[in-house]
Amino acid sequence: MSAIEIQGLEKTYTVGFWRKRQKRALKPLHLAVERGEIFGFLGPNGAGKTTTLKLLMGLMYPTTGSARILGKEISDPRIKAQIGFLPEQPYFYDYLTARELLQYYGQLSGIPARDRNRKVTEMLERVGLRDSAGVQLRKFSKGMLQRVGLAQAILHDPQIVFFDEPMSGLDPMGRREVRDLMEQLKQEGKTVFFSTHILSDAEALCDRVAIIHMGELRGVGAIAELTAGVHGRVELVWQGTAVPAGLRALGAECHITGENVRAVLAETSQDAALDALRKERLRLISVTPVRMSLEDYFVQQTGSSQAATRGAS
Amino acid sequence: MSGRIVHIASNTFREAVRDRVLYNLVAFALLMSGAAVLVGQISIGIERLVVINLGLTAVSLFGIVIAIFIGIGLVSKEIEKRTLYTVLSRPVRRWEFIVGKFCGLAGTLVVNTFFMAIGVFGALLYVSHHFQRADGWVLVALYFIILQFLIITALALLFSSFSSPLLAAVFAFSLFIIGSFAEDLRGFASMTSGVSRWLAFGAAYLVPNFSALNVISSVAHAQPVSAQLIATNTGYALVYVGMALCGAVLIFERRNLK
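Here the protein sequences come in this chain order: H and L.
Per my numbering, the first sequence starts with residue 2, numbered consecutively.
Per my numbering, the second sequence starts with residue 15, numbered consecutively.
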């Protein structure tokens, strides 16, 4: 049984004054996330990531389709005890202190009163907020609020956690801490499903990713699978500054850097290119298959002219 | 009552207290002490009547303003600030959230009214120097005022579940005004005929009958309130609140939280 099974989940809004125009936020989505994996849900802004998460959390109702979490329909309230959710740019009751907020969420999650204080204290410790436990949230920085958000999502020891853009707006240290937390959750056997448009985070963390664009799933799988063998391109590097005419005829992209020339061309032209180099008696340094980066794949799938955000890691 | 409703209600009460809603009591205390001193100087023989009228009217108006302006934000503020997302992603049903929010504000209003009632009785003692047996009816008037608060809170919740906070406030306040003249509306309906009669009767019975819940004038004149009226008003308020809350829940259950 998969941790999350999404079958044809679709969301269409009616828009306009007379509510006659339809806007499709999510085209029928089929997706399965296995237990214990960190799954990245990638897409540019407005792709449908948050809509998908809201549908899974029961905050919105699908137009058609269904989804199951740990084998139970998402409309089944009992499943909520097994999941944790961190919304994008979370906002909490700012009149409460961090401890009071976690106590409140603990009550709503059904944590027994005898365990609640201990769990809240442990969680505050885990996210590094022990010293700010008694401070009202209105005095918290954005990074501290994100930590509170993470704490509330995992307080009740859920089997699956959903994070919507968990690194958004965090500084490099904060992002590192969130990544560490996700890895710890994986080690504890939890399933982590998170949406992001920061590809370096996905590359560093995810067992598998799905790419969504304009409400449509464009690709799903392990990053290595998605990026391998798609291009079929090789990089040749040789000594010197001369580029044989035969090589240019093969459509190679050549760059001269110092004493070397670097050429990238189709793998099918590799033998012809090597023959051209031999003919000119040029000294070959390396032949390397060009591996597509996740960013290349992302841009290819989303067709976006905007470069995907590459966060500093 | 489910534990989750109690927790949501407690948090709503705590929010009201920390957002300084109960600070209105300071203004009320100033008003009552000023009125008691002034009435003691300018009224001869009717101090009690003036203090009860003024005090209970102030209790009612202060509470109605709180009920409307907090009531309209109970749900819409949670959606706007997205605090609702982390609540509804837990094992909390939507109806539990609505009922919890209602109970929280109702509790706030009851506590607020309790302190204001102390102010009213304090002013009454100041001008009369002793309590009379008839002063007990003031408690019944206060009970009816609380029933009004419950109805208006439920209506504010209902309106805010499908309209903007501003419109919800306008609707709720309009209904309070119209409902305060419900008896006149029924009188008007009985004098008309044809379609307009049915329309007027329909409107008269649809709006909350706040005039039946207003016994301020009669208790100020030391007139007793019948047990039948107490029972009828209690039943009426509970049914009205129940229906308004059911409406709010039905709308909120179907709502997509964008």
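No wet-lab data here; the hints were simulated from the structure.
Bear in mind that the values here come from a model prediction, so they are computed numbers and not experimental data.
Possibly wrong hints are sitting among the right ones.
What the hints assert, rightly or not - Which residues of chain L face chain H? A few of them, derived with a C-beta cut under 7 Å, are:
no., residue
1, H21
2, F27
3, R34
4, N38
5, R62
6, E92
7, I93
8, S103
9, R200
10, S204
11, L271
To be verified - Partial chain H-side listing against chain L, Cβ under 7 Å, derived:
no., residue
12, M61
13, Y92
14, F141
15, Q153
As the list claims (entries may be wrong) - Simulated pairs of lysine-lysine, DSS-like, Cα-Cα distance not exceeding 25 Å:
no., chain 1, residue 1, chain 2, residue 2
16, H, K187, L, K272
17, L, K91, L, K272
18, L, K91, H, K73
19, H, K21, L, K91
20, H, K140, L, K95
21, H, K187, H, K120
22, H, K73, H, K143
23, H, K28, L, K272
24, L, K272, H, K73
25, H, K143, L, K91
Even glycine gets a Cβ: it sits at the ideal position worked out from N, Cα and C.
Return the numbers of the hints above that this structure violates; sort them in rising order.
-> 2, 3, 4, 5, 6, 7, 9, 10, 14, 16, 18, 19 and 22
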